[in-house]
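So the protein sequences, as listed, match chains A and B.
Each residue of the first sequence is one higher than the one before, counting from 1 in the numbering used here.
Each residue of the second sequence is one higher than the one before, counting from 1001 in the numbering used here.
Mixed in with the good hints, there may be bad ones.
[Said to hold, decoys possible] Below, computed lysine to aspartate or glutamate pairings styled on EDC-like, alpha-carbon distance capped at 20 Å:
(1) A:K156 with B:E1131
(2) A:K129 with B:D1079
(3) A:K156 with B:E1095
Read the hints as simulated data drawn from the structure, not as lab findings.
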Amino acid sequence: MRKHRMPEMKEGGVNVTPLIDIVMCLIIFFMLVAKIGVTTGADSTIQPPETILGTKIEDIGNALTLNVRGGPRLEEPIVTALTEKGEHEPREIKIVEQRGTVQDRPLERVLTAFQRNNANAKVIILGEKDLQYHLLEQVLISCANAKITNVNFQTKPAGSGSVVAQK
Amino acid sequence: MKIKGAKQVHYDSGPNMTPLVDVVMVILIFLMMAGSFTQGGWFLQSTVPIKAKGGSKVDVPPGTIPDEPLEVRIDNAADGFRVLAGDIRATGDKEQLKGALAEKLKAYGAAGTPPEKVQVVLMPGRNVKYENIVAVYEAALRAGFTKVGFATSH
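Just need the whole structure built from these sequences, with the hints factored in.
Listed below in structure tokens is the structure:
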């Protein structure tokens, strides 16, 4: 019986198959790990205090990040957060707003609505390390009035040298 | 004169992969540039809401024994914080404060109060810096206290 041999293949260029294998693996890795267009609203310019102790919160879906800034002459903190879905930039939320004779509390209103819509609502406070307590206190009181008991203080791991703010 | 052209050797051994490689490389570069690899973040957690000084505003369900409060007064000092909590006096040194609070917790245990029944109430002054508050908060957690909350400023 006559045997048929496979025709000899001659290389016409560089073999790109291993390259494609590796690149495909990298693409799948990046697609799984990378978060594109997801933001918690954390302000990366805020320098939080450093701590040794800390826990990681992986589930940030039910968390609202409040960026709290202050100044030596301010009587009210500057609070910014992403309150609406689809927002890309955090907007300022006042603690107290005077509307004619009526005193409105926008932050408390936002937090109450957030608490009502999320069974496991939690608030992350990202504050400047120089923030004074009388400013932070107003945010904490708003959280308490909105019946949010799970309040987390974002810090950065001691010696990390970089802000852990999520973007 | 007859000019001989170079011998063209062409082997088709499969589909042309070049456009695929181009596109895949573009996707790879896009994902590497646009993606962000978020860490989980680093947080000090609290499930205790702020309360007004004196504790009159805190709702205690009927039939429950209120927690033993440990009031920790915090002020700014030249080298960080100054803490006053019962017989504890600490200034600036986190490790010393942690050790003193751990001793306090042991004393509570010896007196029959479990750690989860002790409520640490941080009472910072009006102008106390957030980093000092966090330092004391962390020291209390590291000492083994589980319930750490805030009171309004003094």
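A quick look at each hint next to the structure:
no., hint, result
1, A:K156 with B:E1131, "holds (11 Å)"
2, A:K129 with B:D1079, "holds (15 Å)"
3, A:K156 with B:E1095, "holds (19 Å)"
Comparing the model with each earlier hint shows no violations; every hint is respected.
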